[in-house]
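**Student:** Residues per chain, in single letters:
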Amino acid sequence: MSRRWPPGIVLTVVAMLMIAVGVPQLVDEFGLLQLTVFGAMCILALSLGFVWGYGGILCFGQSAFFGLGAYAYAVAAINAGESTLAAVLAVVVPAVFAALLGYFMFYGRLSDVYLGVITLSVTLIFFNLMNSTAGDTYRIGKARLNGFNGMPSLPTLNVPGLPGRLLDPTETFYLVMAVLVIVYVGLHVLLASHFGRVVVAIRENEARCELLGYDVRLYKLLVFTIGGGIAGLAGCLFADWGAFVSPNVFSLTMTSQIIIWVIVGGLGTLVGPIIGCLIMQYLATTLGTQQLANTNLIFGIIFLAFVLLVPRGIVPSLLRLGAGAVGGARVRNSA
Amino acid sequence: MDLAVVLMLEILNGIATLVLISVGLAIIFGMMRVINLAHGEFLMLGGYAAIVATNHGVNIWVAMLVVAPLVVGVIGVIAERLIIRVLYGRMIDTLLATWGLSLFFIGIVTTIFGNTVAGIGAPLGSVGVGRYSISLYRLVLVGIAAAILVVIFVALRWTRLGLVARGTMENPNMAAALGVSPPRVYATTFGIGAALTGLAGGLLAPVSGVLPTVGAAYVAKAFITVISGGTAILAGTAAASTLFGSVNQMLTYFTTPVIGEAGLLAAAILLLRVLPHGITGKLFRGSL
Numbered sequence: 001m002s003r004r005w006p007p008g009i010v011l012t013v014v015a016m017l018m019i020a021v022g023v024p025q026l027v028d029e030f031g032l033l034q035l036t037v038f039g040a041m042c043i044l045a046l047s048l049g050f051v052w053g054y055g056g057i058l059c060f061g062q063s064a065f066f067g068l069g070a071y072a073y074a075v076a077a078i079n080a081g082e083s084t085l086a087a088v089l090a091v092v093v094p095a096v097f098a099a100l101l102g103y104f105m106f107y108g109r110l111s112d113v114y115l116g117v118i119t120l121s122v123t124l125i126f127f128n129l130m131n132s133t134a135g136d137t138y139r140i141g142k143a144r145l146n147g148f149n150g151m152p153s154l155p156t157l158n159v160p161g162l163p164g165r166l167l168d169p170t171e172t173f174y175l176v177m178a179v180l181v182i183v184y185v186g187l188h189v190l191l192a193s194h195f196g197r198v199v200v201a202i203r204e205n206e207a208r209c210e211l212l213g214y215d216v217r218l219y220k221l222l223v224f225t226i227g228g229g230i231a232g233l234a235g236c237l238f239a240d241w242g243a244f245v246s247p248n249v250f251s252l253t254m255t256s257q258i259i260i261w262v263i264v265g266g267l268g269t270l271v272g273p274i275i276g277c278l279i280m281q282y283l284a285t286t287l288g289t290q291q292l293a294n295t296n297l298i299f300g301i302i303f304l305a306f307v308l309l310v311p312r313g314i315v316p317s318l319l320r321l322g323a324g325a326v327g328g329a330r331v332r333n334s335a
Numbered sequence: 001m002d003l004a005v006v007l008m009l010e011i012l013n014g015i016a017t018l019v020l021i022s023v024g025l026a027i028i029f030g031m032m033r034v035i036n037l038a039h040g041e042f043l044m045l046g047g048y049a050a051i052v053a054t055n056h057g058v059n060i061w062v063a064m065l066v067v068a069p070l071v072v073g074v075i076g077v078i079a080e081r082l083i084i085r086v087l088y089g090r091m092i093d094t095l096l097a098t099w100g101l102s103l104f105f106i107g108i109v110t111t112i113f114g115n116t117v118a119g120i121g122a123p124l125g126s127v128g129v130g131r132y133s134i135s136l137y138r139l140v141l142v143g144i145a146a147a148i149l150v151v152i153f154v155a156l157r158w159t160r161l162g163l164v165a166r167g168t169m170e171n172p173n174m175a176a177a178l179g180v181s182p183p184r185v186y187a188t189t190f191g192i193g194a195a196l197t198g199l200a201g202g203l204l205a206p207v208s209g210v211l212p213t214v215g216a217a218y219v220a221k222a223f224i225t226v227i228s229g230g231t232a233i234l235a236g237t238a239a240a241s242t243l244f245g246s247v248n249q250m251l252t253y254f255t256t257p258v259i260g261e262a263g264l265l266a267a268a269i270l271l272l273r274v275l276p277h278g279i280t281g282k283l284f285r286g287s288l
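Top line first, the protein sequences correspond to chains W and S.
Position 158 (the first sequence) corresponds to 158 in the working numbering; numbering is contiguous.
Position 91 (the second sequence) corresponds to 91 in the working numbering; numbering is contiguous.
Warning: the hint list may mix true and false statements.
Not the full set, but computed from the structure, chain W residues with beta-carbon under 7 Å of chain S [unchecked claim]: (1) Leu110; (2) Leu129; (3) Leu297.
Part of the chain S face toward chain W, derived, beta carbon under 7 Å [unchecked claim]: (4) Glu10; (5) Asp93; (6) Ala176; (7) Leu272.
Here are a few chain W residues that sit away from chain S, every Cβ distance over 12 Å (derived from the structure) [stated by the list, open to error]: (8) Gly108; (9) Leu190; (10) Gly196.
Honestly, the hints are just simulated from the structure, not real lab data.
All C-beta atoms, glycine included, are put in the ideal place defined by N, C-alpha and C.
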């Protein structure tokens with residue numbers, strides 16, 4: 001990549017910064033809370049967009065890392081009474097778990113589709129496990145896991161080192177937006193590096209990279225671990241947002257939502273999953289307030305429609321249209 | 001002694017449940033290389049079909065053994081004709097499309113029946129084993145699971161239908177040249193897989209009850225079993241079910257169901273690390 005940043009990325013970052021600065025002035029507190037959770041979900045969408053869209057790893061268990069991050073934050077925050085260590089653990093625990101799981105999968109050389117099924121199964125088993133942790137026997141230190149009721153009234157994020165100085169909703173929103181921008185830019189920097197180039201090359205042709213002497217298993221493992229850590233970070237922000245975490249973070253609905261965001265937004269871009277996430281989140285909130293049709297039903301139809309009719313997703317399809325109009329510019333990896 | 005018998009029966013029952021929930025998936029995946037993520041919802045639909053039929057005065061055995069597989073089989077054929085047929089050869093797209101289908105089914109059933117547990121009482125009552133009593137129906141399930149495996153084996157091995165199906169999966173062009181219509185064979189195979197799944201859903205309805213999202217509870221175990229089983233549909237499913245069923249029930253018995261579930265998963269991941277192509281990728285090669 002040249003020293004100059006591609007215009008697509010600059011544009012996206014500028015848009016995000018404008019939203020971050022402008023929104024708290026424009027919307028009421030409810031809208032702000034809503035946008036905060038949208039932001040956390042966008043980070044989650046980015047993690048899968050990176051792992052699947054660039055790493056070519058079919059991970060259907062991104063919500064396992066998301067949920068682990070949320071639970072790690074919850075348990076650590078309750079035990080420590082403040083959030084600094086908890087926030088770190090929310091990234092480390094899922095990343096370590098991703099590394100372990102990834103070791104078994106990549107070093108066992110499981111193919112794509114098996115990866116998808118295994119990661120999905122892991123998530124669902126987490127869901128079942130967490131659902132059955134009701135009662136006093138299941139506690140970690142001071143934190144009761146509470147089974148399907150979830151863990152309520154978690155300590156919210158505080159300024160690192162100052163347990164009494166909690167973040168107010170506006171500050172939390174700034175934090176989420178900052179994390180989103182950092183993750184977005186960070187992933188682009190990573191993808192522009194030698195490491196990122198190899199990762200994309202592996203997605204394009206695994207055998208050729210292997211023959212060129214790259215340890216494909218290790219690269220995939222690293223991508224998977226990074227993706228797990230980012231998802232965990234999103235989980236931490238999500239748990240902080242609601243001061244609540246329940247096994248639903250591992251549920252099939254959650255898992256399918258993440259996949260739908262990426263499918264709708266488009267594989268192989270980073271802005272695609274963010275846009276997909278915003279559209280679907282908005283839709284889910286709107287659908288949730290009406291009684292006409294079940295949310296799952298609508299999501300199922302959208303999912304099917306995209307796979308059958310717009311398999312590339314919104315952003316790549318639009319880019320392709322635009323590129324066709326100006327004469328076939330190179331579009332991939334530019335957003 | 002009584003305890004040992006009861007524990008044995010529990011293990012057998014665990015194995016039979018795994019066989020039931022995964023055999024339809026094994027057929028669809030093993031024969032067609034289609035990963036059907038709506039598998040759990042096929043089980044759920046089978047359960048609802050049996051319950052609705054029973055509540056409308058149909059004999060419970062007829063409801064479970066005839067109505068459930070018929071309904072789900074027809075739904076399977078329709079899904080194959082409308083969606084899956086378009087995506088043959090695109091494994092990942094098929095997988096995603098069936099995922100959409102699964103959400104769709106959950107949504108529809110929630111709209112019709114509401115998000116509550118429905119159930120029917122298990123027939124047959126129980127028998128005493130020394131100081132313990134066990135449900136006779138669960139014993140019958142073990143028998144049915146074994147019977148299903150035998151019937152599929154016989155059908156694949158010795159009937160013309162089985163031969164045509166195996167031939168088409170092996171080489172569709174050659175089969176077409178010999179006068180077989182591959183699309184029809186695919187539709188039939190998918191339909192049979194779906195019907196077996198519906199049968200399993202119907203049979204399990206009295207044991208575990210049904211709610212719209214119950215599929216999620218089954219689908220993970222079913223996939224783990226089928227993938228760990230490997231290429232041979234029957235031998236693989238039977239072997240993996242035996243292994244995981246035993247691990248799950250033993251751990252459940254000596255600790256808690258939670259540890260049992262986690263143990264099943266851990267066993268599967270370890271197994272796939274050692275045998276990436278599943279049990280029948282290395283052992284029992286060439287079996288069905």
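**Student:** Each of the hints needs a verdict: does it hold here or not?
**Tutor:** Results of checking the hints against the structure:
For Leu110(W), the suggested interface contact is upheld, since its CB lies about 6 Å from the closest CB of chain S, less than 7 Å. The closest approach between the C-beta of Leu129(W) and any C-beta of chain S is roughly 6 Å, which is under the 7 Å cut-off, so the hint is satisfied. The criterion of a C-beta within 7 Å of any C-beta in chain S is met by Leu297(W), whose closest approach is roughly 3 Å, and the hint holds. The interface hint given for Glu10(S) is violated, since its Cβ lies 18 Å from the closest Cβ of chain W, which is over the 7 Å cut-off.
At a threshold of 7 Å, the smallest CB-CB gap from Asp93(S) to chain W is about 6 Å, leaving the interface hint in force. Hint on Ala176(S) is violated. Least Cβ distance to chain W is approximately 25 Å, over the 7 Å limit. A hinted interface residue such as Leu272(S) counts as satisfied when its beta carbon comes closer than 7 Å to some beta carbon of chain W; here the least separation is about 5 Å, so the hint holds. A Cβ of chain S approaches the Cβ of Gly108(W) within 12 Å, the least distance being about 4 Å, so the stated non-interface status is violated.
Listed as a non-interface residue, Leu190(W) keeps its Cβ farther than 12 Å from every Cβ of chain S; the least gap is roughly 24 Å. Distance check for Gly196(W) against chain S: the nearest CB is about 23 Å away, which clears 12 Å, and the non-interface claim stands.
Consistency note: the structure conflicts with the earlier hints numbered 4, 6, 8.
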